[in-house]
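There are 2 protein chains.
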Amino acid sequence: MININKVNINKAHLTSINQPVPARDKLEFDQAIQRVEQEIRKLLQNAPPLIRPQTSHLARATGKGIRARSLLACAMDSDGLVTPGAVRAATAVELLHLATLIHDDIIDEADTRRGIEALHVKFGQKIAVLCGDYLFCLAFDLASSISPREADRNKVSVVLPSYFTEICLGEIREFSNTGNLDLNEGEYIRIISEKTAALFEASFHAGFLLSDEPAEVKDIYLTIGKEMGIIFQLTDDCLDFISSKKKVKKPVLTDCRRGVVTLPLIYAMQVDKTLRGKIEKGLTEQELKAAVLAAGGIEYTRAKIEERREKAEQLIAVLRSPGKRDRLEGLLKQAATV
Amino acid sequence: MININKVNINKAHLTSINQPVPARDKLEFDQAIQRVEQEIRKLLQNAPPLIRPQTSHLARATGKGIRARSLLACAMDSDGLVTPGAVRAATAVELLHLATLIHDDIIDEADTRRGIEALHVKFGQKIAVLCGDYLFCLAFDLASSISPREADRNKVSVVLPSYFTEICLGEIREFSNTGNLDLNEGEYIRIISEKTAALFEASFHAGFLLSDEPAEVKDIYLTIGKEMGIIFQLTDDCLDFISSKKKVKKPVLTDCRRGVVTLPLIYAMQVDKTLRGKIEKGLTEQELKAAVLAAGGIEYTRAKIEERREKAEQLIAVLRSPGKRDRLEGLLKQAATV
Chain A
933 MININKVNIN KAHLTSINQP VPARDKLEFD QAIQRVEQEI RKLLQNAPPL IRPQTSHLAR
993 ATGKGIRARS LLACAMDSDG LVTPGAVRAA TAVELLHLAT LIHDDIIDEA DTRRGIEALH
1053 VKFGQKIAVL CGDYLFCLAF DLASSISPRE ADRNKVSVVL PSYFTEICLG EIREFSNTGN
1113 LDLNEGEYIR IISEKTAALF EASFHAGFLL SDEPAEVKDI YLTIGKEMGI IFQLTDDCLD
1173 FISSKKKVKK PVLTDCRRGV VTLPLIYAMQ VDKTLRGKIE KGLTEQELKA AVLAAGGIEY
1233 TRAKIEERRE KAEQLIAVLR SPGKRDRLEG LLKQAATV
Chain B
933 MININKVNIN KAHLTSINQP VPARDKLEFD QAIQRVEQEI RKLLQNAPPL IRPQTSHLAR
993 ATGKGIRARS LLACAMDSDG LVTPGAVRAA TAVELLHLAT LIHDDIIDEA DTRRGIEALH
1053 VKFGQKIAVL CGDYLFCLAF DLASSISPRE ADRNKVSVVL PSYFTEICLG EIREFSNTGN
1113 LDLNEGEYIR IISEKTAALF EASFHAGFLL SDEPAEVKDI YLTIGKEMGI IFQLTDDCLD
1173 FISSKKKVKK PVLTDCRRGV VTLPLIYAMQ VDKTLRGKIE KGLTEQELKA AVLAAGGIEY
1233 TRAKIEERRE KAEQLIAVLR SPGKRDRLEG LLKQAATV
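Those protein sequences? They're chains A and B, same order as listed. Following the working numbering from start to finish, the first sequence increments by one per residue and tops out at 1270. Following the working numbering from start to finish, the second sequence increments by one per residue and tops out at 1270.
Excised from the complex, chain A in its bound form (with noise of 0.2 Å):
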């Protein structure tokens, strides 16, 4: 069996929470978030040697962790404290996040990730596709370390694959509709609910599980994590036409150039009839960009994030506990801005 120290994932830490955890353990919000940071830099930094050129490359630009923050905004208990779990589950999330980044790049032949050059790019396809794989094993791995009697409570670690199964169907489903510019926006909806917003609610489903909350709050916690994870989809496709390359740290229209069509491109096409035969004569990106503007397919798309953000907002009001509403209130901000 593998050494595990090699791959510096404490399971040490698995007995001592296998008992309900004393405050003590507890952490603050800024101390957890520190934690996760911590723990994944240190698994990028010191991952078996043979992997550590990509993972290396990888430690080089992270992410800024909305994922974990809502994570661990959400296990937030009544005193404001989350549990070494939460930590660890936190971790996981962002590290198939990271995993599924590796191979989404692959598959749309991205050359950049974070402002830097993606892993496929500076390392070949082949062992691009093994360091997925290896930190998809590592995010399950973690997963499955959290100990099911963490705050009495079951399953977080049953929970998180069965999203990680979606998400994989979300990557296919855009995939499988590369250059149909027959999408629909509830067909759009349906793949960036499976591809992104999954794992937002997989987050809060995860935080929800290991906070102190009732069971009957459960459902207000995965409809957030959804808006939350739509809203940041949209908000992200808004900004592929209308950003700088330099802002967003990544090529900006790369999504019509990749053919994924988006809910901006979708509506223009509703409103100025002209736009799709044009689109399949051949339109510059400029072009392009300047249609979807001219026919208010940001507009369109920005009412659309207002909407799901003032029902996530609704949502949030009914949480009992002050700190956890200015957390996720903070989140969702982040989320429409990206």
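Note that these hints are calculated values from the structure, not bench results. Since we're looking at a predicted model, the values are computed, not measured. Hints are not guaranteed to be accurate.
Put simply, identical chains are the same to the list, so a pair is met inside one copy or across any two.
As the list claims (entries may be wrong) - Each computed SDA-like pair below joins lysine to any residue, with the alpha-carbon atoms no more than 25 Å apart:
#1 Lys-1210 x Asn-1116
#2 Lys-1058 x Ala-1042
#3 Lys-1058 x Thr-1110
#4 Lys-996 x Asp-1168
#5 Lys-1054 x Val-1091
#6 Lys-1058 x Ser-1125
#7 Lys-1054 x Asp-962
#8 Lys-1205 x Ser-1010
#9 Lys-1236 x Val-1053
#10 Lys-1054 x Glu-1212
#11 Lys-1210 x Ala-1226
#12 Lys-1058 x Asp-1168
#13 Lys-1058 x Arg-1105
#14 Lys-1054 x Arg-1234
#15 Lys-1205 x Gly-1056
#16 Lys-996 x Leu-1033
#17 Lys-1058 x Ile-1039
#18 Lys-1054 x Asn-1112
Position chain B against the provided structure of chain A, taking the given hints into account.
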């Protein structure tokens, strides 16, 4: 969250196996392996429509299930019966194996697998990456749904992911040694211990945990599993040199074609000091095969297999149940003939 019925894992079982398993729910070995085969076929043939073309293709040619059989044999209790959790774990192990084969075939640029077209050849590389990811997740989903309380033992779902991480590292180690004619026997054994034997060891470990064996014999199980995996791989390496394509249902001499250096070749280069130079200058496949055979590479590897087989056989003889010993001896024989 994903509707789990879509992917056909019946998590309703979950609650029922959260209690110690009543005798009436246990299965005979033959019933259990049939159940595993049915479950795999069902998961592949009734996968979500989106991915069903790919999974149905995979269902056309399933393997012999030596890993599932090993797990079930190890999981047999003193009455020769296994629990539903063992069926679930065995299914997870086979699905994980299938997922790694799909990604392997991409890495190795293999055209066929189990006598049919490789997935990436039939459907393209990108969809094959995603399909492998999907099966990875399904496997973890199944593994995570085995109750830790089944048979009063813990940790099956904690143990499996660590092995899965090890398998990824083995794949990476093999890939990074492509064309490395300096590879020595020790390094080679390390690669196959990770990439192949780890999943056998995982199967034996999980089977042990789901059985009623005392903790003292755990290491015996792990060692038999690891040895059986190494034997399986060494036998496969010999067959790559000596078998006909029809017989092994896959192309032969693929290892050398794709630059994978295996033990028969490592030994042949030790004996025949001119061989390395000839390979570097360029040999036909038939010339290479003849040189490896002439230098005794196959006999040497066969002798190594025999040493390990004897060791494993002695360990199997220590186990207390005659029925289990018979099963494991049969599987050991199968591993050494493939």
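### Message
Need the list of violated hint numbers for this structure, in ascending order.
### Response
5, 7, 8, 9, 10, 14, 15
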